[in-house]
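Q: This is what each chain is made of:
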Amino acid sequence: MANEIYNTSWWGVALDTARTAGTNPDFFGSQFKLLTSEQDNIVVNADFSNGNTGWAGDDATLDVSNNTGKVTVNSNTEAGIKTSGVNSFTQGKEYKLTFDIVSATGGLVSGTIKEYSNSNIIGSWNGVGSYTIYFTYRSSSSQLRWLSSSSVGDILEIDNVSVQLVRCDLDQIEAKKCLADWIHTTALKDLNN
Amino acid sequence: MAKPKLALIPAAQGSKLFSVLPSSGVGDFDFSRSGKATRINSQGLIETVSNGQSRLNYPMIDGKVVGCPSHLLEPQRLQLIQYSEEFDNAAWSKSAVGIDTSIGANGINPNVAISPDGTQNADRVNFLLQSDLDSGLFDIFAASQNNSYSASVFLKGEGSNIGKKISIRVKRLSGGSFTTVDTHYTLTDKWVRLEINPLTLPIGATNGIISFTSSEATNCLIYGCQIEQGSYVTSYIPNYGNGSGVTRSAEVADGSGDAATFNDSEGVLMAEISALVNSDTPRAISISDGTISNRIYIYYSTSNGIEAGVKVSGTDQAAFSSTLTDSTLFNKIAIKFKVNDFSLWINGFELGSDLSGSIFTANTLTELAFDLGDGSNDFYGNTKQIQYHNSALTDSELETLTSWTSFSDMAEGQLYTIE
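Chains as they are written, first to last, in my numbering: chain A, 1 to 193; chain B, 194 to 612.
Simulated from the structure, these hints should not be mistaken for lab results.
This structure is a prediction, so every number in the text was calculated from the model and none was measured.
Glycine included, C-beta positions come from ideal geometry on N, C-alpha and C.
Any given hint could turn out to be false.
What the hints assert, rightly or not - Okay, the calculated beta carbon distance ranges per label pair:
| # | chain 1 | residue 1 | chain 2 | residue 2 | range |
| --- | --- | --- | --- | --- | --- |
| 1 | B | Ala443 | A | Asp47 | 36 to 46 Å |
| 2 | A | Ser117 | B | Asp588 | 16 to 26 Å |
| 3 | B | Asn583 | A | Ala56 | 37 to 47 Å |
| 4 | B | Thr440 | A | Thr132 | 30 to 40 Å |
| 5 | B | Ala443 | A | Tyr131 | 32 to 42 Å |
| 6 | B | Gly568 | A | Thr98 | 27 to 37 Å |
| 7 | B | Asn400 | A | Ser88 | 50 to 60 Å |
| 8 | A | Asp169 | B | Gly541 | 34 to 44 Å |
| 9 | B | Ala443 | A | Thr68 | 45 to 55 Å |
What the hints assert, rightly or not - Take a look, some chain A residues computed to stay more than 12 Å from chain B by CB distance:
| # | residue |
| --- | --- |
| 10 | Thr36 |
| 11 | Val44 |
| 12 | Thr53 |
| 13 | Thr72 |
| 14 | Asn74 |
| 15 | Ser84 |
| 16 | Ser110 |
| 17 | Asn120 |
| 18 | Ser124 |
| 19 | Ile155 |
| 20 | Asp159 |
| 21 | Thr186 |
All chains should be built: construct the whole structure from the sequences, respecting the hints.
A: Structure (structure tokens):
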């Protein structure tokens, strides 16, 4: 039977390994795009490889010379680093945020991540390390800020920031064969068009 | 035929109903249900799904899973049986007239067999053969006049009792006129969920009672007894002792797509769906602006009826009615909309057309939802696919879209076994 090539285990492996097929969001790639991990990173210049594009200091001076986002606080206030107006969050949608704290001193050893509005706190960090936070975007600001009460000279250095729309994890997609069959049947109808 | 702009194919469970198209995720449906619910999983077993998680439910024939799952959306229901799986509990009364109380725990052997949830928690009830339907294993449930109550229970026969009948009586406990629903069921060697016709309590009646007896079988396996207020049975709700009952909350799925997703000038909305019951209040699927004034809709009505149409600024531009053979079986339904060109297709046939009518102004349509547009008349049923095409398909394409792709596809959709 032709369908046997799409048995569950085969397709599960394909979903898990053939990620390159998902980089092009065509019809076949759409099934891979069901995975959160295959969603686009909506943070611009997430690895700071393109200068300070998409980033700014928040009462702090931004230095991206090491391909990280390093800010040095210039005022005794709540300060840190923020994205700068080029992201595309949608209100009410759930996102997965990951980032690394490379270094931190003073008041910026710990802090909170907020939407632009102070009332919309989405998570926190405490010390150097990697963080994963799931959150629902509530405002229309399309901005994230890493902030803490700081003193002049305090440092925060972040890198590898990723924000992806939350869709499925692989183990949530349990009817893989059914999905693959529908994709292929529909594609064949389109070919015969 | 062009590929759909938006497609919901049930393949995943989670906090949304995940649409495979568009790949951006903008077509995902927001989903909500407060609290847990159960489903039939891919192994054919009853499985609890946690708070806020959607359900993939697998179809079964003769105790085996056949084919692909559907998304199950159900209304709120209250399980009124206090101990739905523990028939040895004192909440279940055992009459010495109809129950052999010398066996096991007052006539019940608890946890003696693998139940439909895959664990060893099914009980055996031991009968004394007699014909009094009131003198057996029974439980009283809270009920009030003029309301309907639907009962269900999983039963299985063993050994020489296979092929013999047991009787289930559901009746009003007191007050009002004598009202009862008596069911006589022949045991098989498989677990079967017996769904009993609803009991409507007469005026003046108070509470209800369900009892199990047999004049033929000396015992049977029993699991998952449920009484719920409503005219039809829904998915199993376990209750492990809550005297007030256990509620499964209503499910809502909406918020798929946005203004950029939908073409306000023309398109097709297609659904492969089955209802939970043939006759009830409207259960709708629609593309709308979040109101009932601007919408393309399909909904189940009463007596296997299906309604579909297009309403612009509160005025019907097309309104079709048809009657399905059985709305609880899967049907493929599509409505085409375009200025002066509207039609309804069901299972490969055009069942209505209207060549007069206007259409929406640009950027009107913003959402595909399992409701009538404004959040009312939620869809309750099973969904195998939803497709939205952003162009008006040809008749040939609509015929193809709403037809079964193969004989086995049709048989599976109608839950027939091919031998």
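Q: Against this structure, judge whether each hint is valid.
A: Hint-by-hint comparison with the structure:
no.: 1; hint: B:Ala443 - A:Asp47: 36 to 46 Å; verdict: holds (45 Å)
no.: 2; hint: A:Ser117 - B:Asp588: 16 to 26 Å; verdict: violated (53 Å)
no.: 3; hint: B:Asn583 - A:Ala56: 37 to 47 Å; verdict: holds (39 Å)
no.: 4; hint: B:Thr440 - A:Thr132: 30 to 40 Å; verdict: holds (34 Å)
no.: 5; hint: B:Ala443 - A:Tyr131: 32 to 42 Å; verdict: holds (36 Å)
no.: 6; hint: B:Gly568 - A:Thr98: 27 to 37 Å; verdict: holds (35 Å)
no.: 7; hint: B:Asn400 - A:Ser88: 50 to 60 Å; verdict: holds (58 Å)
no.: 8; hint: A:Asp169 - B:Gly541: 34 to 44 Å; verdict: holds (38 Å)
no.: 9; hint: B:Ala443 - A:Thr68: 45 to 55 Å; verdict: holds (49 Å)
no.: 10; hint: Thr36; verdict: violated (9 Å)
no.: 11; hint: Val44; verdict: holds (17 Å)
no.: 12; hint: Thr53; verdict: holds (23 Å)
no.: 13; hint: Thr72; verdict: holds (38 Å)
no.: 14; hint: Asn74; verdict: holds (39 Å)
no.: 15; hint: Ser84; verdict: holds (23 Å)
no.: 16; hint: Ser110; verdict: holds (29 Å)
no.: 17; hint: Asn120; verdict: holds (19 Å)
no.: 18; hint: Ser124; verdict: holds (23 Å)
no.: 19; hint: Ile155; verdict: holds (36 Å)
no.: 20; hint: Asp159; verdict: holds (26 Å)
no.: 21; hint: Thr186; verdict: violated (6 Å)
Comparing the model with each earlier hint shows violations of hints 2, 10 and 21; every other hint is respected.
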